[in-house]
Amino acid sequence: MSMHEKQLNNDLFQPAVRSSDDAEKITKESTSFWQDARRRLFENKGAVAGLIIIVAILLLAFLGPLFSHNGFDDQDTSRTNLPPRIPVLENVGFLGLDGVDIRGVDQYKMKNQKDNYYWFGTDALGRDQFVRVWKGTQISLYIAFLAAAIDMIIGVAYGAISGYYGGKTDNIMQRIIEILIGIPNLIVVILLILILDPGIISITFAMVITGWTTMARIVRGQILKLKNQEFVLASLTLGAKSSRIVTKHMFPNILGSIIITSMFTIPSAIFTEAFLSFIGLGISPPTASLGSLVNEGFKSLQIYPHLVLYPAVIISLIMISFNLLGDGLRDALDPKMRK
Amino acid sequence: MVRFVLKRLLYMLITLFIITSFTFFLMKLLPGSPFNNEEKLTDQQKFILNEKYGLNDPVPVQYLNYMSNLVKGDLGVSFQYDNRPVSTMITERIGPSAVLGVEATIIGTIIGLILGIAAALKHNTSIDYLSSLFAVLGISIPSFVFAGVLQYYVGVKLGWLPVALWDGPKYHVLPALSLSVFVIATVARFMRTEMLEVLGQDYITTAKSKGLSNLVVIWKHTIRNAMIPVVTILGPLAINLITGTLIIEKIFAVPGLGFQFVSSIQLNDYPVIMATTIFYSVCFIIVILIVDILYGVIDPRIRVAGGKG
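From first to last, the protein sequence lines stand for chains Y and V. Be aware that the first sequence starts at 1, since it is given in full-length UniProt numbering, and climbs by one per residue. Be aware that the second sequence starts at 1, since it is given in full-length UniProt numbering, and climbs by one per residue.
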């Protein structure tokens, strides 16, 4: 420290020229809220990891089935219950990807399938588990997309109308929501499955009926909070129309909450579908869903753990990455978390 | 406040009325007959059975009968299980489900609070990261996957605890644990956020500068304030526990209400389905009511009463 002090003398300093113009200048480029949010999102390692996994699973779900020459429901009793076997990795002993089952028998040799590779093994009917798992993933992703769309369209509109108009409208609309929440989702789905054909259509219907209530409640709450704030009152005083107030003043302020809520609706919707398929009420065979694959796998858990392992890992990965991304988005978009 | 609560109670009754009516008419739309071995019965036998259960009456009459019995607390008799009153079936079956739910809530809340508080106090240390990681995993991994893992490793491989059934305290451990994972994760995560927010408040700095010991600051000023908003996660948690018991009861073969609900649907046992739906709905609505009232008490800014602004 003292070394430096000696080298510093007054000659080195000059008074800064200050003009009134410069004082007003902003040297740093201004960042908009969304630029700022994007930067914060990409700084969050968990969120980035989640995003990468989601993209990877998305690609695999649609490209994966193309790698195999088998369809998702091609049965072949000559190749039942084969353990997973992957080229190259089969030589790495501890991974257990060499086609040897837990009793130590090389099933591929025994069933004359020496030339075939089933990456995730086959199930009790000889169907290629690799194709089935990715087909099931497609269903989960469809549910994710559907949930987000329903949230964005029905939920936001409903909540906004209910919150903005208030009074009687709000009261009636809230009671309707309460009834919808009061009926367990499960009973709606079950009734629809019994009335319609079981399968993806009844699940879609049930989600359209029940899936948007959380979003509607959150949007309503946000609008209620904003409605009495000064900037909205000011705009109202200046004669702005309802449509302008909602789209220009309220919507940008609640967009963050909307994104965050739908990011958390997605994993719970994926879970609901998996849960229904798991208890045997969702996707009907031969179509596969991750939930029904896990359920089928449970029957032979002790002998063929691979049947449970892959769908369980993938559904967990999907859920984890959506949650991580949701967390990241919440931290990035919620101004309260700003430091 | 009293008016607000009374108003909400009235709404609750209206909601219940609509739910019961809605379920009743949807139930009538369902295909299939409520009787076993339908194909073996002659037309006359079917007629007698229908007559006995009042199924030959016009639907509006059936509806009125059902509603007036409901008000008297009579939920009807099961079509499948030898005319047993549905209310007894529910009370018999609710035991294991309720015990499981309470156990999971207690385990989950205690562990969750400890994890959340530890994470907030040791903010940005490995304890924090571990606890957050656990919270994300607990929220994300479906309970049936977790239950399967526990059942396979602890039950089958290690053989420490029974794999399934419901026959004493030992049988409670695995199902309760699987059910509580979600509670642990949710509570831990929520508590951590709240604690961090409270720790940043001015009154904590004041308390510290007054020279209060760390323990007093944390216990009296931080934890107690951070616990208040935890009521807001009660609703989602209760709903999750109810759907959770359906899966967990199936995996661990627990003779609870959820198990019965699913099987009564497969058997078209109308009175049981209706009664269970109404029962679940009452639970949901009461939880929502309590949460709404607590919101109003805690934060007057979000008074849910009217929304007239």
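None of these hints come from the bench; they were simulated from the model. Every value quoted in this text rests on a predicted model; they were computed, and no experiment measured them. Hints may be right or wrong, so weigh each one.
[Unchecked claim] Over 10 Å on every C-beta distance to chain V, these chain Y residues come out as not near it, computed from the model: (1) 18; (2) 25; (3) 33; (4) 238; (5) 252; (6) 295; (7) 323.
[To be verified] Ranges of calculated distance between the beta carbons of each label pair, as one might list FRET restraints: (8) V:21 / Y:228: 53 to 63 Å; (9) V:215 / Y:242: 46 to 56 Å; (10) Y:52 / V:102: 38 to 48 Å; (11) V:5 / Y:334: 30 to 40 Å; (12) V:114 / Y:176: 32 to 42 Å; (13) Y:169 / V:263: 37 to 47 Å.
[Said to hold, decoys possible] Not everything, but these chain Y residues come out facing chain V in the computed CB check (under 7 Å): (14) 253; (15) 271; (16) 301.
Ideal placement from N, C-alpha and C gives every residue a C-beta, glycine not left out.
Verification of the hints:
| no. | hint | result |
| --- | --- | --- |
| 1 | 18 | 36 Å, holds |
| 2 | 25 | 33 Å, holds |
| 3 | 33 | 22 Å, holds |
| 4 | 238 | 19 Å, holds |
| 5 | 252 | 20 Å, holds |
| 6 | 295 | 8 Å, violated |
| 7 | 323 | 5 Å, violated |
| 8 | V:21 / Y:228: 53 to 63 Å | 37 Å, violated |
| 9 | V:215 / Y:242: 46 to 56 Å | 54 Å, holds |
| 10 | Y:52 / V:102: 38 to 48 Å | 41 Å, holds |
| 11 | V:5 / Y:334: 30 to 40 Å | 32 Å, holds |
| 12 | V:114 / Y:176: 32 to 42 Å | 40 Å, holds |
| 13 | Y:169 / V:263: 37 to 47 Å | 42 Å, holds |
| 14 | 253 | 16 Å, violated |
| 15 | 271 | 6 Å, holds |
| 16 | 301 | 6 Å, holds |
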